[in-house]
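Place chain B on chain A using the hints.
Going line by line, the protein sequences match chains A and B. Remember, this note's numbering sits 879 above the position in the first sequence when you count from 1. Heads up: the second sequence at position 30 corresponds to 19 in this note's numbering, and the numbers run straight through without jumps.
Rather than coming from a laboratory, the hints here were simulated on the basis of the structure. A few of these clues could be false.
Said to hold, decoys possible - Mimicking EDC-like on lysine to aspartate or glutamate, the simulated pairs with C-alpha atoms at most 20 Å apart in a straight line are: (1) B:Lys57 <-> A:Glu887; (2) A:Lys986 <-> A:Glu933; (3) B:Lys(-1) <-> A:Asp891; (4) A:Lys967 <-> B:Glu56; (5) A:Lys1036 <-> A:Asp964; (6) A:Lys986 <-> A:Glu998; (7) A:Lys967 <-> B:Glu(-5); (8) A:Lys967 <-> A:Asp891; (9) B:Lys57 <-> A:Glu998; (10) A:Lys1039 <-> A:Glu933; (11) B:Lys57 <-> A:Glu933; (12) B:Lys(-1) <-> B:Glu56; (13) A:Lys1039 <-> A:Glu887; (14) B:Lys57 <-> B:Asp(-7).
As the list claims (entries may be wrong) - Simulated restraints on C-beta separations: (15) B:Thr33 <-> A:Lys967: 53 to 61 Å; (16) A:Val1021 <-> B:Asp84: 19 to 27 Å; (17) A:Gly1032 <-> B:His25: 47 to 55 Å.
A quick note: this is a predicted structure, and the numbers were derived from the prediction, not measured. Using N, Cα and C, we set each Cβ at its ideal position, and we do this for glycine too.
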Amino acid sequence: MNIPYTVETRPDTGLTNGKLGIWLFLASEVMLFGALFSTYIILRTGAPVWPHGELSIPLGAINTVILISSSVTMVMAWASLKLNDWAKHRLYLILTFVLAAVFLVNKYFEYSEHLTHGEGPWHSTFLAIYFTLTGLHGLHIVGGMIVMAYFIGPGAKLWKRNPEQFANRIEYTGLYWHFVDLVWIFLFPVLYLL
Amino acid sequence: MHVDAEAVRKSVRTYMMIGAALLAFTAITVAANLLHLPVPAAITLALVIATIKASMVAAVFMHLNHEKQWVYGALILTVAFFIVLMSVPFLTVTDTFGTHLTGPVAGHGVTAGAPPDEHAGH
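Just chain A, with the same shape it has in the complex:
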């Protein structure tokens, strides 16, 4: 039995099932991160003192550049498929994966800098919300990397069997990845700069 509307669009929505599905999933993710941002606002407005200078702005800025670049490579990975350039698609998708890995390595250095000084989430309200927000965001990065690894590896076979369905799957992966970048676009100034 074939899953319907993976390539052709539904007559009622004008969308493929996957496209509507990923957007509905992202809507739920907006509420998830929104709840944590709302928590941040409550904690910060209720605190008599809010620490500054605890996070490395250069490292945060570098991570922002890395994620923005990975968003560009991700959309180019999809665009390359639409232009029937398989080699370019592989290059851009692998590049996106590598950039995500570099982001996580930076995050590791940032976390260990604090944790080796005994400054975990238990240390202060600021660090509690910092580790929660960036930890959840980091888990989303890992999730995206798992999906990308699948499409770099065994999932790539679908390109030969059904190229349009494969391109759609890469598009949905891209939508998820751009959302992860979008969250960081707000996380960086809120946690590092303000």
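Just chain B now, kept in the frame of chain A:
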């Protein structure tokens, strides 16, 4: 929706330009932080820049500038709930309405109570 290859070819340049713009706005965000603006202005400026960047990602990279009604509908509903969610902290401080609040200073929170006595200790 089947995307035309020619349309995608034309979009590639746009993707690169938007990527460059996002990097430029990131530099502006960091530079603005060095100005040490008052907290309300700093928050406003940072969030305005972040919203501009997020809008570019959503419109161009996520193709929201030419999506279908069902996606717009789902997102409008999400935005409505998101506004309610972000308004909740505001509701927690409604009991401080009418009390004197000292102006927020960078590095310190807002405190309620009587204004500081300027002549204390003199």
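Comparing the hints with the structure gives:
1. B:Lys57 <-> A:Glu887: 14 Å, holds
2. A:Lys986 <-> A:Glu933: 14 Å, holds
3. B:Lys(-1) <-> A:Asp891: 29 Å, violated
4. A:Lys967 <-> B:Glu56: Violated, at about 26 Å.
5. A:Lys1036 <-> A:Asp964: Judged against 20 Å, a Cα distance of about 15 Å means the pair holds.
6. A:Lys986 <-> A:Glu998: 15 Å, holds
7. A:Lys967 <-> B:Glu(-5): Holds, because 17 Å separates the two Cα atoms, which is no more than 20 Å.
8. A:Lys967 <-> A:Asp891: Violated, because 35 Å separates the two Cα atoms, which is more than 20 Å.
9. B:Lys57 <-> A:Glu998: 47 Å, violated
10. A:Lys1039 <-> A:Glu933: Given pair Lys1039 (chain A), Glu933 (chain A) is violated - Cα atoms ~50 Å apart, limit 20 Å.
11. B:Lys57 <-> A:Glu933: 44 Å, violated
12. B:Lys(-1) <-> B:Glu56: 18 Å, holds
13. A:Lys1039 <-> A:Glu887: 18 Å, holds
14. B:Lys57 <-> B:Asp(-7): 16 Å, holds
15. B:Thr33 <-> A:Lys967: 53 to 61 Å: For Lys967 (chain A) against Thr33 (chain B), whose Cβ atoms are near 41 Å apart, the range 53 to 61 Å is violated.
16. A:Val1021 <-> B:Asp84: 19 to 27 Å: At roughly 41 Å between Cβ atoms, Asp84 (chain B) and Val1021 (chain A) fall outside 19 to 27 Å, so the hint is violated.
17. A:Gly1032 <-> B:His25: 47 to 55 Å: Roughly 49 Å apart at Cβ, these two residues keep to the hinted range, so it holds.
Violated hints for the displayed structure, listed by number in ascending order: 3, 4, 8, 9, 10, 11, 15 and 16.
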